[in-house]
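Using the sequences provided together with the hints, build the complete structure.
For reference, the chains in residue letters:
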Amino acid sequence: MMALAVVLCVWFAGGQNSKLLKMRADYGVDSAAPLENTPPLIAFTTVALGGFSSLVADILWLRVSTLQEEGRYFELVQLSDWITKLEPRCGDIWEFHSWNMAYNVSVMMPDPEDRWRWVRNGMELLRDEGIRYNAGDPKIYRELAWLFLDKIGRSIDQAHAYYKIKWSEEMTDLFGGAHPDYSLLVSRPEKLRKITTEYKLKVEAMQGIDLEYGPLDWRVPESHAIYWAVSGRKYGGREGALLCERSILQSLKALFMHGRHEIGPDGSLKQAPDIDLLPKITKAYEAVLVKYPDEITIKNSYIDFMYEAVSVLHKNDRQTEARAVFESLSSRFPSDETRQGFEVFISRFIKK
Amino acid sequence: MTRILAIAFLQMRAAIRSRLFASLMAVLVLTVLGLPLTIKGDGTLAGQIKIILYYTLGLSTIILGVATLWASSGAIAQEVESKQIQLVVVKPVRAFEIWLGKWLGLLAMNAVLLFTVGLIVYFLVQWNIRSADTAGRELGVVREELLAGRRLILPRDTLEEEVMERYHAMMNRGMIATNFSREEALSFIRKDLLTEKTVVGSGAVKQWILDVPDFLREAGGEDRPVTLNICFSPVRKGNNTVHGEWRIGTERNPVLFNMATNVSMDGTYKFTVPITRSLIDKIMEGTATGDSHGRTMIVEYRNGSGTDSRTVVFDRKQGIILFIRESGFESNLVRAILVVLCRLALLAAIGLTASTLFSFPVTTFTTFSLLLLPLIIHYYVFLLATDTGSCCAEHQSGIEKESISHKIVERVVKKVDSVVLGPVMKEDPVDRLSEGALVSWGDTAKAVLLVALLYPFLLGLAGVLLFRLRELALPSS
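Those protein sequence lines, which keep their order, are chains C and R.
Heads up: the first sequence begins at 1 in the numbering used here, then just goes up one per residue.
Heads up: the second sequence begins at 1 in the numbering used here, then just goes up one per residue.
By construction, these hints were calculated from the structure, which means they are not laboratory data.
Just so you know, these numbers come straight off a predicted model, no measurement behind them.
One or more hints might be untrue.
Under the rule of at most 16 Å between Cα atoms (straight-line distance), these lysine to aspartate or glutamate pairs were calculated in the EDC-like manner [unchecked claim]:
id, chain 1, residue 1, chain 2, residue 2
1, R, LYS317, C, GLU69
2, R, LYS40, C, GLU129
3, R, LYS270, C, GLU113
4, R, LYS40, C, ASP128
5, R, LYS40, C, GLU321
6, R, LYS270, C, GLU70
7, R, LYS317, C, GLU70
8, R, LYS270, C, ASP111
9, C, LYS280, C, ASP336
Label pairs and their calculated CB-CB ranges [claimed, not checked]:
id, chain 1, residue 1, chain 2, residue 2, range
10, R, ASP315, C, VAL56, 22 to 32 Å
11, R, ALA26, C, GLY264, 19 to 29 Å
12, C, VAL56, R, LEU37, 16 to 26 Å
Far from chain C by the CB rule (all over 10 Å, computed), these chain R residues [unchecked claim]:
id, residue
13, LYS40
14, ARG130
15, THR268
By construction, the Cβ of each residue, glycine as well, lies at the ideal position given by its N, Cα and C atoms.
Here you go:
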């Protein structure tokens with residue numbers, strides 16, 4: 001009788017396994033499905049070292065700090081690689097080392113070319129390795145998207161124009177221009193392989209993004225920020241998706257503000273607003289607000305975007321569209337600034 | 001001498017017969033050739049060369065170090081256990097000849113292996129340079145800065161003297177509260193002075209004094225290129241405009257050379273000033289050979305005033321460095337390998353001496369434990385040197401001050417670290433080589449005399465004494 005009870009219990013517990021796995025994935029308790037085809041080195045270090053892997057990672061981390069203090073960077077890529085591989089399922093470690101290389105080490109280089117190499121090192125650590133081992137961690141995607149949006153896309157770095165030009169050149173070479181001809185890409189397996197293996201981009205996903213938000217200019221870093229945020233939003237449940245949605249909206253807003261890139265004959269970069277994206281961005285904001293009605297940050301971001309949109313449209317002599325956005329702003333989110341009408345709003349609150 | 005050489009030959013033959021030599025050679029060749037393929041550099045040729053030099057030579061040193069300890073631990077102990085030693089000691093061979101012969105045998109084995117590694121590394125570096133698809137500038141940097149033996153001259157560091165001076169002045173004026181210990185006061189003063197020495201605000205002037213070596217007077221400018229490397233960064237985040245004037249001169253003539261800096265920076269800013277032969281001649285002017293007073297070079301930075309030029313900070317160690325190319329890569333590599341060989345000689349001596357006293361397993365355990373001791377001492381001293389916050393924590397928590405015995409132990413440990421371990425552990429030759437820093441003949445000679453001769457001699461004396469006291473043919477053994 002006892003044996004039968006034990007067998008029944010085991011059978012019942014076994015039956016719950018798949019449900020539990022699903023729940024773990026839904027609640028974001030596990031970062032991803034178990035790794036398949038793990039490289040022998042990773043399998044060996046994680047299994048053979050066991051709990052000691054953290055200790056080794058700590059020692060290597062100390063070396064990273066020491067070398068960085070001494071201004072010796074040549075080993076950092078390898079050390080970061082080892083540290084992350086010793087704790088491959090800890091997303092924070094991947095994020096830290098990527099950020100360290102892209103933000104901290106890069107600014108130690110006086111030369112834009114050297115800086116770009118370090119930004120790329122940071123980006124590649126997440127894109128090529130971090131996502132591979134943490135395919136279900138939305139924070140990794142968000143971090144990669146942030147790197148494109150903030151480090152390459154914004155002007156916080158003195159060498160930002162160099163980054164944008166280099167990335168634009170690479171993407172032009174890859175896609176043949178701003179907008180990839182997807183039907184042509186499918187017929188060119190060599191090119192397709194480069195896109196998927198080297199840049200880890202899926203053409204179907206790019207097409208989907210173009211349909212939802214674009215067509216985007218894929219030479220511009222913000223488009224890639226959107227790509228990675230969209231890739232990550234299906235993971236980590238509601239919270240994970242929200243992280244990525246925020247990145248998408250930030251990137252869309254940045255595209256609207258300065259998403260048109262033009263490289264002059266002298267090699268200089270000129271940026272201009274991509275006003276044509278306005279309907280899609282508005283739609284994206286509305287969709288996220290419906291999905292997350294209580295998220296005050298999304299609502300504030302939308303209001304802020306509308307202010308910016310009125311300003312950009314007005315400055316670009318698109319008065320009808322500027323007026324339409326203003327009407328929407330004043331009816332949806334009325335404030336002291338909007339109550340006095342379009343003309344007063346323009347003269348008082350929009351920077352010349 | 002013949003007897004010593006015969007023992008050395010037997011030791012080498014034993015290593016070859018036991019396949020230790022062949023196995024080590026295979027492992028080392030695989031390490032040297034395979035490691036650069038698996039290790040990622042920073043994407044530059046210089047990074048790749050540094051990785052080759054640092055990792056391959058570093059790992060080879062570790063492998064050879066462990067193998068040397070292992071082989072030396074068994075050299076006498078295993079022969080005693082297998083009774084082979086009885087065949088040797090009944091011959092007219094003295095104990096010191098057995099010890100020395102075995103030590104020389106191990107040294108010869110290490111020399112062959114290490115120089116083979118060095119040769120492979122050398123060709124690997126050359127092959128990487130030839131096959132590199134890099135622009136001339138990068139190649140130039142590698143040849144001039146990395147594949148060289150450059151002497152680094154740092155500005156005079158008078159921090160500790162100034163700390164003491166300020167401390168005494170403050171004490172005399174009664175400016176230090178009575179509840180502050182000496183260490184606490186010194187720690188705060190040191191921090192203040194460090195800030196004063198490294199931060200240059202708008203309109204401020206900062207000077208660095210560098211002692212120019214006397215040999216530059218005779219040397220031809222082309223043979224020994226001299227450069228002044230300057231590295232600083234703004235204290236504020238974001239873009240910063242920095243403009244100022246650099247002056248290089250002497251006490252008598254402070255402006256022998258000047259240049260302006262006018263940059264916008266958001267991170268580290270580095271540049272190199274080539275010091276021409278004529279400038280060196282002017283610096284050396286009026287000083288006699290061997291006159292240590294006149295050979296000073298004064299580097300001065302006058303930061304622009306107002307909001308036009310932001311405050312900048314100079315790294316205390318990396319901010320200003322004078323580089324003098326003294327040798328080529330090949331001779332630097334040879335010297336670095338010689339210093340490593342000296343260290344291996346010391347390891348062999350430690351293992352052999354322990355081997356005269358204990359059985360093989362106990363010797364192995366003892367020697368490896370003994371190696372940990374200097375590492376712990378060195379780490380302890382490092383902690384003492386960097387631990388500036390603990391005294392304040394102690395002060396706040398009201399914990400009792402250090403006991404006298406603790407102070408004595410601390411002093412002894414520091415002395416042991418500086419006098420005994422310093423010559424062995426102070427500078428890592430592989431590290432210096434991979435950075436293009438000079439491993440001088442002076443350093444090499446010091447390593448040979450102290451690490452390869454004096455310490456092994458003392459250990460040998462102890463080993464011979466212990467060996468003579470040891471019963472080698474007990475009825476039960």
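Hint check:
no., hint, in the structure
1, R:LYS317 - C:GLU69, "holds (10 Å)"
2, R:LYS40 - C:GLU129, "holds (14 Å)"
3, R:LYS270 - C:GLU113, "holds (14 Å)"
4, R:LYS40 - C:ASP128, "holds (14 Å)"
5, R:LYS40 - C:GLU321, "violated (52 Å)"
6, R:LYS270 - C:GLU70, "holds (14 Å)"
7, R:LYS317 - C:GLU70, "holds (8 Å)"
8, R:LYS270 - C:ASP111, "holds (9 Å)"
9, C:LYS280 - C:ASP336, "violated (28 Å)"
10, R:ASP315 - C:VAL56: 22 to 32 Å, "holds (29 Å)"
11, R:ALA26 - C:GLY264: 19 to 29 Å, "violated (59 Å)"
12, C:VAL56 - R:LEU37: 16 to 26 Å, "holds (22 Å)"
13, LYS40, "violated (5 Å)"
14, ARG130, "holds (20 Å)"
15, THR268, "violated (4 Å)"
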